[in-house]
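Undergrad: Line by line, the protein sequences are chains A and B. Per our numbering, residue 1 is the first one in the first sequence, and the count goes up by one each step. Per our numbering, residue 301 is the first one in the second sequence, and the count goes up by one each step.
Don't take each hint at face value.
What the hints assert, rightly or not - Taking lysine-lysine and the DSS-like style, the derived pairs with C-alpha atoms no more than 27 Å apart in a straight line are:
(1) Lys387(B) to Lys205(A)
(2) Lys430(B) to Lys294(A)
(3) Lys534(B) to Lys559(B)
(4) Lys132(A) to Lys430(B)
(5) Lys205(A) to Lys430(B)
(6) Lys205(A) to Lys40(A)
Please keep in mind that the hints were generated in silico from the structure rather than gathered at the bench.
In case you want the letters, here they are:
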Amino acid sequence: MTNATATTAATPTTVTAPAEQGGALSSWQITLFSLKQWLKSPSPYLNVLGIVGFIVFWYLATERFKLPWFNKLPGPVAVFQEWVSRDPAYGISIYSPEYYHHIFTSIWRVLQAFILATVLGVPIGLFMGWKKTFKDYTFPLLETLRPIPMLAWVPLSILMWPGREASIIFLTFLGSFFATVLNTLLGVESIDEVYFRAASSLGAKPRQVFFKVILPGSLPFIFTGLQISMGFAWFSLVAGEMLAGEYGLGYLIWNSFIMVQYPVIVIAMVTLGVIGGFSSSLIRMVGDRLMQWKVREAAR
Amino acid sequence: MNTAEKIATNERGRISIRNVTKVYDPDGAKVLAVDNCSMEIEAGEFCVVVGPSGCGKTTLLNAIAGFHSITSGEIHLDGELLCSGQKRTQPGSDRIVVFQNGALFPWYTVLENVTFGPVVQGGVNEKDAKDKARAMLGQMGLEGIENNYPSEISSGMRRRVEIARAMMNDPSVLLLDEPFRAMDALTKTVVHQFLLDVYDKSKKTVFFITHDLEEAIFLGSKVYIMTTRPAQIKTILNVDIPRPRDFRALSSATYIRLKKECIEAVHEEALKAFKAGEREMA
Chain A
1 MTNATATTAA
11 TPTTVTAPAE
21 QGGALSSWQI
31 TLFSLKQWLK
41 SPSPYLNVLG
51 IVGFIVFWYL
61 ATERFKLPWF
71 NKLPGPVAVF
81 QEWVSRDPAY
91 GISIYSPEYY
101 HHIFTSIWRV
111 LQAFILATVL
121 GVPIGLFMGW
131 KKTFKDYTFP
141 LLETLRPIPM
151 LAWVPLSILM
161 WPGREASIIF
171 LTFLGSFFAT
181 VLNTLLGVES
191 IDEVYFRAAS
201 SLGAKPRQVF
211 FKVILPGSLP
221 FIFTGLQISM
231 GFAWFSLVAG
241 EMLAGEYGLG
251 YLIWNSFIMV
261 QYPVIVIAMV
271 TLGVIGGFSS
281 SLIRMVGDRL
291 MQWKVREAAR
Chain B
301 MNTAEKIATN
311 ERGRISIRNV
321 TKVYDPDGAK
331 VLAVDNCSME
341 IEAGEFCVVV
351 GPSGCGKTTL
361 LNAIAGFHSI
371 TSGEIHLDGE
381 LLCSGQKRTQ
391 PGSDRIVVFQ
401 NGALFPWYTV
411 LENVTFGPVV
421 QGGVNEKDAK
431 DKARAMLGQM
441 GLEGIENNYP
451 SEISSGMRRR
461 VEIARAMMND
471 PSVLLLDEPF
481 RAMDALTKTV
491 VHQFLLDVYD
501 KSKKTVFFIT
511 HDLEEAIFLG
521 SKVYIMTTRP
531 AQIKTILNVD
541 IPRPRDFRAL
551 SSATYIRLKK
561 ECIEAVHEEA
571 LKAFKAGERE
581 MA
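Chain A on its own, in the form it takes in the complex:
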């Protein structure tokens, strides 16, 4: 549901995008315009229909017809009732502080790992793209470490770090870090040679080229990378929490499975999905904020 899809989904009637009426627009106006166009298009209704369709199917498969493969799974009604219950059978609902404790533990871990991965990964990626020698040193190493699944890191990370908290954050960081570095590097390499030439022709020194060409020029890829890396962070977090956690949504899922509290598994899963999606759009919003030129391009 980016601005880009909103515009393309708009029906080809004679709509004048505000950018065509001349003059510079605030980002807010553009967002509002895109939102209006989006509501006029069929997309939002189809989006809702897709989700409702899935829930109906889930209901029919589990609670209604109890199809094989599905008959052991908790149905949507059971999950929903548990989720909003003031007195939940398994102790987890929107009224239980326990639930929020799990959520915040997970968010806090992801936040630490993600910030660390970004603060380290973006400069390293930029530097790799900027200095060929540095890339020669680091790229093969990165490409060997990157494909190792996060679960394979679990034993080493437990051995390496003192407590479980640190090892979970380390795992989450790793998943996030590689994606950030790689996408930042690709971002630098995606910049057309002509901009480097133009900058040097205009008298820019290497440091200025770095801040005025390499950094802004790779921002679109960096932010795509950050969205991917956020996804990886949640992925690795859950893996880490399942194995070594004491709190957190990953731990909740695994623990509920062992304790045969099936509805709680689904509650935690949906919560993960919502938070994951929300964190992704938060990154997109920050990106749009920093890349007005991209937003306006899409609004045309």
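Mind docking chain B on chain A? Use the hints.
TA: Then chain B, alone, in the frame of chain A:
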């Protein structure tokens, strides 16, 4: 050159290209791009280099700009050695390039693009640079778009902004590498007129590369016709159409005569290039 033109002529921007040869050797297969090419470009001259595609025109421009080295020969700017077989001066704001497909930074607004040169070179504060840029955009008929991003303005507008961005640095030479190549005929007439006006006002040396003969004669004071690769100067045409020029020059007798001469010279080369291409394919 009439007397009025001579007086207005800026004394900076004399380019002397002496026996320049460039051999590309990417994978052992030596390709002679420019062969012993010499040109003397006076300060304030609007020099247009015409030649078939792939003949080595851009190689010459890149050497002046400092993007490439040359194999042998020398290029001087105002008596100073710019590059030779041993030396290469880094690109700088005395020789600003306007590129084929445009190179306005998409992440900067028009104003930020135009002030880019003065800001990175330092010595001016940002406010002064902005004021100067606004004045320049205004003079060039480009007001009202300063806060737009390049993607929001038309291609003709973008090209004019790019010329303004170059002029902000008061360069000795303006290097234009087929800058109007991908434009439709109508937009072209507008940007041509724009460039002519800029030239008439500033009297900068212009080194303009194109394969469009009409454009070459309409804009240039001298048209250098190049041979097929390896590039050498085949013919030099003096374009004695008086300035300031406008679209009416396109129907003048001089223009038509020059165009005929030009076509004949270029056609021969084009045929050679075409045949050489066929041989390579076979």
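Undergrad: State for each hint whether it applies.
TA: These are the hints, each one checked on the structure:
no., hint, verdict
1, Lys387(B) to Lys205(A), "holds, 20 Å"
2, Lys430(B) to Lys294(A), "holds, 23 Å"
3, Lys534(B) to Lys559(B), "holds, 16 Å"
4, Lys132(A) to Lys430(B), "violated, 35 Å"
5, Lys205(A) to Lys430(B), "holds, 21 Å"
6, Lys205(A) to Lys40(A), "violated, 49 Å"
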